[in-house]
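There are 4 protein chains.
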Amino acid sequence: MSEYLNKFRQHVDVSSDRGLHSFVKSLSCASFQARNLSRCVEVYRQMLGDDEAVIFLGLAGALVPGGMRKVIVDLIRNRLVDVLVSTGANLYHDFFEALGYHHYIGDSKADDGELRKAKVDRIYDTYVSDAELVLTEERISEIASRMESRVYSSREFLEHLAGELDDDESILLTARKEGVPIFCPALCDSAIGMALTQYYVRRQGESRLIIDQIRDNFEMFQIKRDAVRTGAIYLGGGVPKNYIQQLTPMLDVLGVKGEGHKYFIQLTTDDPKFGGLSGCTASESKSWGKIAREGFSATAYVDATIGLPLVAGAVLCDCSGGPARAKRIFCWERDNLEEIKIE
Amino acid sequence: MSEYLNKFRQHVDVSSDRGLHSFVKSLSCASFQARNLSRCVEVYRQMLGDDEAVIFLGLAGALVPGGMRKVIVDLIRNRLVDVLVSTGANLYHDFFEALGYHHYIGDSKADDGELRKAKVDRIYDTYVSDAELVLTEERISEIASRMESRVYSSREFLEHLAGELDDDESILLTARKEGVPIFCPALCDSAIGMALTQYYVRRQGESRLIIDQIRDNFEMFQIKRDAVRTGAIYLGGGVPKNYIQQLTPMLDVLGVKGEGHKYFIQLTTDDPKFGGLSGCTASESKSWGKIAREGFSATAYVDATIGLPLVAGAVLCDCSGGPARAKRIFCWERDNLEEIKIE
Amino acid sequence: MSEYLNKFRQHVDVSSDRGLHSFVKSLSCASFQARNLSRCVEVYRQMLGDDEAVIFLGLAGALVPGGMRKVIVDLIRNRLVDVLVSTGANLYHDFFEALGYHHYIGDSKADDGELRKAKVDRIYDTYVSDAELVLTEERISEIASRMESRVYSSREFLEHLAGELDDDESILLTARKEGVPIFCPALCDSAIGMALTQYYVRRQGESRLIIDQIRDNFEMFQIKRDAVRTGAIYLGGGVPKNYIQQLTPMLDVLGVKGEGHKYFIQLTTDDPKFGGLSGCTASESKSWGKIAREGFSATAYVDATIGLPLVAGAVLCDCSGGPARAKRIFCWERDNLEEIKIE
Amino acid sequence: MSEYLNKFRQHVDVSSDRGLHSFVKSLSCASFQARNLSRCVEVYRQMLGDDEAVIFLGLAGALVPGGMRKVIVDLIRNRLVDVLVSTGANLYHDFFEALGYHHYIGDSKADDGELRKAKVDRIYDTYVSDAELVLTEERISEIASRMESRVYSSREFLEHLAGELDDDESILLTARKEGVPIFCPALCDSAIGMALTQYYVRRQGESRLIIDQIRDNFEMFQIKRDAVRTGAIYLGGGVPKNYIQQLTPMLDVLGVKGEGHKYFIQLTTDDPKFGGLSGCTASESKSWGKIAREGFSATAYVDATIGLPLVAGAVLCDCSGGPARAKRIFCWERDNLEEIKIE
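Protein chains in written order, with this note's numbering: chain G, 188 to 530; chain H, 188 to 530; chain V, 188 to 530; chain P, 188 to 530.
Hints are computed from structural coordinates only; laboratory data are not their basis. One or more of the hints may lead you astray.
Note that the list lumps identical chains together, so a pair holds whenever it fits in one copy or between two copies.
Stated by the list, open to error - With a Cα cut of at most 30 Å, we get these calculated DSS-like pairs of lysine-lysine: (1) K306 - K444; (2) K296 - K444; (3) K306 - K296; (4) K257 - K212; (5) K528 - K296; (6) K514 - K194; (7) K194 - K296.
Taking the hints into account, I'd like the entire structure generated from these sequences.
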């Protein structure tokens, strides 16, 4: 027999009701996206076993409206991620729910003209009340008006926002409690940004808080610079992926030696063949030095609402006796990262 | 609050290791393809609860090489499907494994020139030995040469093929034992077809067995005609989907009153927007009468290697105390379906 | 500069209204699917310039209902393809239009329940009259009843069907006139198949015509065996692609030396990553020997209704002075291919 | 005949070499994405014919590296768009080429480890020199260091950057000359952002220029507020699409009456079914009021490197005698939009 033929297929078996941990493991002997999904969990475990790795999680797509909020909170709470980069929308919808509002089961084929009349907004098959969104934006605007007039990174601003919340199921608040920094490089491009525009208009002429994007870059740069090794998990693409991917090129620009991410996990429905960064492969990223040459990577092409609970569920099984991994503590002095302590 | 906002989102929770049954159920409160997948299980349960329904399963794509053989066998063995329509490839690869050969874990980025030299064939990330394929084809050709020279439907021929096997994990053999007919309308378009071409060439000039496609149609037509209600499950699209979908139009052509499938479940990575039948919706099918106007349908856009084990695993949980559903027995007299008995 | 950087990008220019020929050529300096599309034309030209190549065209998807009938006819008429393999649906819809019926501009968001009541069938955004389909099936059934009772290949049967037509814009009739054989391996899986089932039921008990799939295989095998070199163009995947791809493995099974297709062109919206044959790459095909190791291949991921007119338009430009390529004449004696003459 | 069947299909004809204008028009009688593409041009024409409409263009994906730079410049030069919103990457790559550097024809299957060694970066099938990127970033950093230390919108900053260029084929410079404002809400998430981080680090402690995202929002808000009607063209999704889509909700938050975009054109390879904003439909947008209830919309699912030249080429035909449409002049006084003049 050829040397290529050395590990033969065991077929997936679901004849007894097994847990997610065991289920996802059994997919490793299947093919196509099932095997890729299983491989994502393998890479995740390798990364968690690396005592010096700092793990970035990029969130794009309507994950919070889509029902993934608790899963993300559990990843943070169990120290399975260290730094979050998100679209504004996911953070906004988290804040919205933390105020006691809800997303509702809807219908992807609804009559959107009728919904408009009823002041109901649709996200594919999910509904949300327009009036509650307006109240949420008013609340953010009001919080901003009570903040000190100075230049902030999005991280600082979001930490402040989280401090106003009282909801254990909130991503923003859990991250604040666990010391997980959250960056939102395109904060303006969300309802949080719209709320800050309201605040901007009301403050017109007066000194006010300013979110400085480049300060975000500086803070992220320091995390990458000081971390011994890094890993990245991407749910969807968009700005969060590109932003975490550009960290090694940024080291280069700033004349700091450093290697690309050692671990790369991606759940996406996008594709490399249309050339966008959202769909690009770990391999392409190697040409840029964004991913380490000897890195470990896995990409599963699957809707994150299916893929994320499976991957997270499999990994969370290892945490039943409490977080298995040391906390990474980021010691900030304004925009300076003084140290990353591993507790 | 608007009447549209009546059922609010519970977030998916994977913090404790739950079984597939409970997991897939919890996806019903998520959005996007997670909810669609959960809906597939709901429709499947409705269909199983219908005492008079006959369930068709359409198999396309490399499901057997992809590790789904045991899942499909368990569906048959537990009487969760009644009629199978498949591409030739899936049946061929089942036969191949039943002879003791294997599919192997491979690499989707392998050097195909090197594989060719090593006589190893690649199916995305799966390998198979070219030499073993040739032996398998030789075996099928030899079986054909021992069969009576007459006109067969693909169902009859495949039943005969199954009779030569001795492997409890075989789809062909399990279906034969359980009385589940298998149709393969494009049998020529597979390695089974290539084997029969070898037989054809060897028999040149002599009388021989002939697979009559139209006889297949006649047999399928009778099942649809005699079933009180029908349901269809599609893994991928292709000929199996179109073939099961055309049953009601065929009733029309033959002047028999009848309704479209009442139940429609589809796991696919194709899409309606490019116009092909593989990706078309249950709704489009209603315009043709292929699906009953008051039918129940669900489509999840996900790779079947992920979606099928989840759906099957959830449904199989209900069968832990033995098959929960009566067997449908098809009483054939040559190409005539004399009766469908529900045991 | 690195040796990798040797041909720099010229940007696509559409500031003056240029013809398709020049337009598609200009895409060769773009990236992503634009370049791939341009590459399809390059490979097509190489193939047309090969005096000994026989060109197969595989048709899947709703191309005729989708408005591609005239483009396909022009390819045949200008001798730009030599052998056609099609789904039954495309041939049926060609026959349907040849009887004077039409496809109509529709709406993909129509109410399918209302359409059903109005006896209008929907193909995404295209409508067709149910009553006219029934008349067409009746006509096919009637033609079959006048044919000699014997075993046919689908090629022979379709040639006979074409002979009943009188429409210069028909694929079936043009192919017949130009001596281009058409194979339909899954003929039963179409409205032609349903018509033949009507005929089958009416003839019950009496001798009748039988379409022998394996005879199709034998005829296709001989074309591959006798052609010095071969090329394949795939519009979509499905049975037509698999059927043309299995030709070299079939040579192997039959103990005939031969090489895979030298030219491979594919327009598809499917993808390799889900493991099905419809989406598989030319490279994967090399591991099987389906494609020659030193072959030329191009795949563009684009809806065929956009990609085909661009590719065909570009190639047809070269034919303004009449067909530039010699006809391939297939000399059949029943199921024996006696010779392929190059006129 | 049913009233549904009132406009029958003419088949697409490419037998004579026709211009893009005529070609795209002929696709209106086809189906699927061909018809959708043709519909994009129809909506574009309606929008251009609206004397009071302001047209936003959102650019996402690697359009400039992909060869679309000249097409975008021609749209600006011919006054076919009024406001640009872009990812940082497209503007960076435009700036890069304006310095005389190039993108190179590459290979999507290249060995990325080798490319890394050769200091060549890959974007799917396109190469770029790492060293030239570093020089470009240095240049941007240097320009920033010469700018006045104050708070800027991205529009102001990009106008300043454009002022340093001397290349008629530059998007940045052409937009500056034509008075077309460019916004880049996630400027930090690009090599421009990395260059500004270099500048930030060098200026540490000193006063410096700050890009204020929320000022961008305020400026965009005013354009939407003052425009009588608006239209949006999306190439890909991402931040540019979301940012232009959130304009009407922002009016609501700021208590200004206003309607959603009247015109909506989208070329995308994303899809609504995964729930993200990038793929969402015009209809879903109506539920939010982002699109006017009586608006005109068209979406074609096609790679923008194919779709954009076709749409732009068709529309540019109308401009052969010079721009057919009046210029929109935005009169800024710092962050205040004093007036939109229609020349």
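Structure-based check of each hint:
1. K306 - K444: between (53 Å within a copy, 15 Å between copies)
2. K296 - K444: between (52 Å within a copy, 28 Å between copies)
3. K306 - K296: both (17 Å within a copy, 23 Å between copies)
4. K257 - K212: So K257 and K212 pass the 30 Å test inside a copy (23 Å) and across (16 Å) alike.
5. K528 - K296: For K528 and K296, the Cα distance exceeds 30 Å both inside one copy (50 Å) and across copies (39 Å).
6. K514 - K194: For K514 and K194, neither the intra-copy (38 Å) nor the inter-copy (38 Å) Cα distance is at most 30 Å.
7. K194 - K296: between (46 Å within a copy, 17 Å between copies)
The structure fails to meet hints 5, 6 from the earlier list, while all remaining hints are met.
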